[in-house]
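*Asks:* Now for the letters of each chain:
There are 4 protein chains.
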Amino acid sequence: MTTDRTEAFSDGVFAIAATLLILNVHLPSFDQGDVGRQLLNSWPAYLTYAISFLQIGIVWVNHHHLLELIGRVDRGLMFLNLLLLVFIGFVPFPTGLVALAFQAGRYESLACIAYGVLMAAMGAAFLMIWAYLARHSDLLKHAFSDGQIRQFMLRTIAGSAAYLTSAAISIVSPAASLAGFVLIALYYVRPVAELEAEAATR
Amino acid sequence: MTTDRTEAFSDGVFAIAATLLILNVHLPSFDQGDVGRQLLNSWPAYLTYAISFLQIGIVWVNHHHLLELIGRVDRGLMFLNLLLLVFIGFVPFPTGLVALAFQAGRYESLACIAYGVLMAAMGAAFLMIWAYLARHSDLLKHAFSDGQIRQFMLRTIAGSAAYLTSAAISIVSPAASLAGFVLIALYYVRPVAELEAEAATR
Amino acid sequence: MTTDRTEAFSDGVFAIAATLLILNVHLPSFDQGDVGRQLLNSWPAYLTYAISFLQIGIVWVNHHHLLELIGRVDRGLMFLNLLLLVFIGFVPFPTGLVALAFQAGRYESLACIAYGVLMAAMGAAFLMIWAYLARHSDLLKHAFSDGQIRQFMLRTIAGSAAYLTSAAISIVSPAASLAGFVLIALYYVRPVAELEAEAATR
Amino acid sequence: MTTDRTEAFSDGVFAIAATLLILNVHLPSFDQGDVGRQLLNSWPAYLTYAISFLQIGIVWVNHHHLLELIGRVDRGLMFLNLLLLVFIGFVPFPTGLVALAFQAGRYESLACIAYGVLMAAMGAAFLMIWAYLARHSDLLKHAFSDGQIRQFMLRTIAGSAAYLTSAAISIVSPAASLAGFVLIALYYVRPVAELEAEAATR
Numbered sequence: 012m013t014t015d016r017t018e019a020f021s022d023g024v025f026a027i028a029a030t031l032l033i034l035n036v037h038l039p040s041f042d043q044g045d046v047g048r049q050l051l052n053s054w055p056a057y058l059t060y061a062i063s064f065l066q067i068g069i070v071w072v073n074h075h076h077l078l079e080l081i082g083r084v085d086r087g088l089m090f091l092n093l094l095l096l097v098f099i100g101f102v103p104f105p106t107g108l109v110a111l112a113f114q115a116g117r118y119e120s121l122a123c124i125a126y127g128v129l130m131a132a133m134g135a136a137f138l139m140i141w142a143y144l145a146r147h148s149d150l151l152k153h154a155f156s157d158g159q160i161r162q163f164m165l166r167t168i169a170g171s172a173a174y175l176t177s178a179a180i181s182i183v184s185p186a187a188s189l190a191g192f193v194l195i196a197l198y199y200v201r202p203v204a205e206l207e208a209e210a211a212t213r
Numbered sequence: 012m013t014t015d016r017t018e019a020f021s022d023g024v025f026a027i028a029a030t031l032l033i034l035n036v037h038l039p040s041f042d043q044g045d046v047g048r049q050l051l052n053s054w055p056a057y058l059t060y061a062i063s064f065l066q067i068g069i070v071w072v073n074h075h076h077l078l079e080l081i082g083r084v085d086r087g088l089m090f091l092n093l094l095l096l097v098f099i100g101f102v103p104f105p106t107g108l109v110a111l112a113f114q115a116g117r118y119e120s121l122a123c124i125a126y127g128v129l130m131a132a133m134g135a136a137f138l139m140i141w142a143y144l145a146r147h148s149d150l151l152k153h154a155f156s157d158g159q160i161r162q163f164m165l166r167t168i169a170g171s172a173a174y175l176t177s178a179a180i181s182i183v184s185p186a187a188s189l190a191g192f193v194l195i196a197l198y199y200v201r202p203v204a205e206l207e208a209e210a211a212t213r
Numbered sequence: 012m013t014t015d016r017t018e019a020f021s022d023g024v025f026a027i028a029a030t031l032l033i034l035n036v037h038l039p040s041f042d043q044g045d046v047g048r049q050l051l052n053s054w055p056a057y058l059t060y061a062i063s064f065l066q067i068g069i070v071w072v073n074h075h076h077l078l079e080l081i082g083r084v085d086r087g088l089m090f091l092n093l094l095l096l097v098f099i100g101f102v103p104f105p106t107g108l109v110a111l112a113f114q115a116g117r118y119e120s121l122a123c124i125a126y127g128v129l130m131a132a133m134g135a136a137f138l139m140i141w142a143y144l145a146r147h148s149d150l151l152k153h154a155f156s157d158g159q160i161r162q163f164m165l166r167t168i169a170g171s172a173a174y175l176t177s178a179a180i181s182i183v184s185p186a187a188s189l190a191g192f193v194l195i196a197l198y199y200v201r202p203v204a205e206l207e208a209e210a211a212t213r
Numbered sequence: 012m013t014t015d016r017t018e019a020f021s022d023g024v025f026a027i028a029a030t031l032l033i034l035n036v037h038l039p040s041f042d043q044g045d046v047g048r049q050l051l052n053s054w055p056a057y058l059t060y061a062i063s064f065l066q067i068g069i070v071w072v073n074h075h076h077l078l079e080l081i082g083r084v085d086r087g088l089m090f091l092n093l094l095l096l097v098f099i100g101f102v103p104f105p106t107g108l109v110a111l112a113f114q115a116g117r118y119e120s121l122a123c124i125a126y127g128v129l130m131a132a133m134g135a136a137f138l139m140i141w142a143y144l145a146r147h148s149d150l151l152k153h154a155f156s157d158g159q160i161r162q163f164m165l166r167t168i169a170g171s172a173a174y175l176t177s178a179a180i181s182i183v184s185p186a187a188s189l190a191g192f193v194l195i196a197l198y199y200v201r202p203v204a205e206l207e208a209e210a211a212t213r
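Chains as they are written, first to last, in this note's numbering: chain E, 12 to 213; chain X, 12 to 213; chain B, 12 to 213; chain L, 12 to 213.
Fair warning: there could be bad hints in the mix.
Because identical chains share one entry, a pair is satisfied inside a single copy or across any pair of copies.
Unchecked claim - DMTMM-like, lysine to aspartate or glutamate: derived pairs with alpha carbons at most 25 Å apart:
1) 152 to 42
2) 152 to 15
3) 152 to 45
4) 152 to 79
5) 152 to 85
Worth flagging that the hints you see were computed from the coordinates, not collected in a lab.
Required output: the full structure, derived from the provided sequences and hints.
*Replies:* Written out as structure tokens, the structure is:
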């Protein structure tokens with residue numbers, strides 16, 4: 012199987028998961044007092060919507076860069092890709108949890124940990140894909156060097172570690188944890204360009 | 012009509028049905044006691060989300076392998092394909108039912124039967140497609156041998172039978188039925204590779 | 012603008028509108044008595060889901076046949092196509108209304124009329140597209156004969172008239188109206204094949 | 012990275028955001044009195060559904076025209092495009108707010124301002140994209156003249172200004188503000204054709 016179809020299905024899941032995030036941003040109740048205040052108090056819903064949308068967008072870009080390196084998809088790779096998509100499709104849940112927790116002012120740490128764990132799980136799925144490709148180089152357009160594999164895997168591990176660290180920080184300060192998630196999302200716009208540069212020089 | 016357009020519409024339905032499954036995973040109520048416990052008690056929602064997502068992913072792969080064998084689509088085939096998509100789009104309903112039943116600890120058997128019957132209905136739609144193709148070989152890129160048709164149909168019947176058996180087991184043990192659905196989903200990652208191997212040797 | 016992009020956006024709207032229909036099929040309440048009976052009483056939701064999914068699928072096929080005849084898209088055509096998509100995206104609303112009305116056993120006629128009017132409005136949008144194409148034949152790959160235009164428009168008018176008639180019947184018998192919608196959906200699988208035959212003989 | 016992938020993901024987000032708008036059109040409650048009256052009173056939901064759907068459709072067309080001018084996508088452009096998509100995916104929220112406010116007959120001005128600000132934010136995202144392209148002409152297929160850049164930016168600023176003005180009018184008359192949004196949406200079908208004409212004469 013070529014990568015085209017895997018791309019079409021994956022693209023759909025990425026775009027839908029991102030757009031469904033809006034369902035976590037609840038409309039104010041017009042029967043319950045001050046609508047303006049309700050709208051202001053919903054800031055965690057707006058912020059988590061934006062973070063998760065960016066995050067899905069960035070993972071989507073990385074996913075595409077990955078597929079560009081792959082010549083064909085076998086059963087194992089298809090299964091690992093489905094696993095990654097299962098996590099992508101799950102993003103709206105911890106996103107909604109973080110929004111609710113910060114709006115309620117309770118359980119913020121629990122919510123941040125759930126969010127960080129899902130992001131780390133995505134990293135784990137990418138890691139399994141890299142490991143699988145390292146052992147099945149016939150699926151690649153150009154075999155990786157050992158250095159490249161190590162670099163890809165280290166970058167993925169670093170991302171997951173950053174998410175878990177940011178999640179753990181929530182035990183001390185939920186606000187700092189949230190800020191951490193924002194910073195990681197913004198930082199991860201970066202590796203894309205690097206991967207691009209590498210692809211260009213190869 | 013070529014298969015391209017059937018693919019585009021079908022791909023959309025598959026990806027959306029899979030991603031909509033997350034709407035069955037309800038956020039905990041922050042007004043009702045222990046949010047941590049609520050999150051743990053929602054395990055059936057997480058598990059059924061993952062099973063159904065994988066299942067839709069696998070049917071999607073099989074659907075694509077099927078379309079690869081087809082040269083053009085006529086009115087009858089289009090109608091049978093729409094029937095299959097009607098079932099795919101319906102997956103979130105019994106998935107939500109199984110999640111609710113296992114969370115409530117009631118009606119698990121009824122929910123498992125509803126789930127198994129829908130999965131068997133998908134098998135039936137595939138079976139009708141194979142039967143239709145057997146009688147309209149002009150739609151195929153390469154005519155099937157009688158042995159191939161028989162093999163495709165047997166495999167599809169076996170899958171539906173496995174789902175119905177697993178559903179029936181729920182009368183004795185709902186947990187065993189759920190485990191059966193997981194096993195079938197994992198097993199069905201397999202035929203894809205076989206189909207691929209066959210396609211390669213042809 | 013070529014038709015490719017109009018197709019991509021339209022395909023997305025068709026597939027999403029069809030798959031969102033499942034949100035009108037509500038899960039039973041496990042706190043309110045007999046779940047089995049609730050599931051049986053939801054038959055109008057299952058039936059209207061299936062009818063509307065098929066209907067959207069059929070309109071999608073006709074939409075594609077239409078785009079196949081068109082060489083390029085101008086501002087007017089784009090606007091009329093958007094109008095058609097506005098109606099397609101609206102299908103879940105009257106579909107849910109019909110399901111609720113038949114489940115409640117009240118306002119069935121009102122719901123059937125809303126459903127029929129939306130379907131007729133889709134026909135009107137198609138009609139406006141045909142009329143626009145008749146006056147802007149430079150957008151077509153091959154100019155239509157007057158006979159063809161008349162035939163396309165008559166077929167579209169006939170479909171809308173059938174929906175309005177079926178809707179009106181609901182005043183006497185809501186069940187007959189619902190049966191009419193099923194019959195029209197099944198009948199309209201047909202013109203596709205005819206259009207195909209025409210395209211082949213041209 | 013070529014523009015193909017940016018297009019696929021963007022198209023998905025546009026189509027899904029438009030189709031999700033239907034979730035703001037709530038079905039009447041069959042337990043609360045006159046369903047017919049409830050349906051009539053929901054006119055703001057129907058109207059805002061149609062306006063926002065058209066609006067997303069028009070932005071989608073402009074987005075495509077933009078991508079046609081671009082040869083390749085770098086990290087900065089990808090980020091700005093994601094920002095635009097974050098706003099597109101957010102459209103259902105203020106749309107639902109306007110519908111609720113006009114149905115409740117309260118907070119209409121607040122809702123109109125929220126709607127206008129989001130539309131202006133989309134314009135700002137487009138503006139940032141134009142400004143980025145002006146400084147990175149290597150991403151373009153054909154370098155813009157200074158006149159063209161100025162024209163594109165002026166048109167985008169004019170659109171945002173029109174939305175903010177229409178939003179501000181809501182303080183005096185919410186109905187006039189809503190009418191303004193309809194007019195802007197209808198007017199903005201126009202620039203597309205002009206852009207097309209320009210592209211043709213180049």
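*Asks:* Work down the list of hints and note, for each, if the structure agrees.
*Replies:* Verification of the supplied hints:
1. Taking the shortest alpha-carbon separations for residue 152 and residue 42, neither the intra-copy value of 60 Å nor the inter-copy value of 54 Å comes in at or below 25 Å.
2. In this homomeric assembly, residue 152 and residue 15 come within 25 Å of each other (Cα to Cα) both inside a single copy, at 14 Å, and across copies, at 20 Å.
3. Within a single copy, residue 152 and residue 45 get their C-alpha atoms no closer than 59 Å, and across copies no closer than 51 Å, so neither meets the 25 Å cut-off.
4. Proximity of residue 152 and residue 79 under a CA criterion of 25 Å is satisfied in both settings, with 8 Å inside one chain copy and 23 Å between copies.
5. When the C-alpha separation of residue 152 and residue 85 is checked against a cutoff of 25 Å, the pair qualifies both within a copy, at 14 Å, and between copies, at 23 Å.
Checked against the numbered hints given earlier, this structure breaks hints 1, 3; the rest are met.
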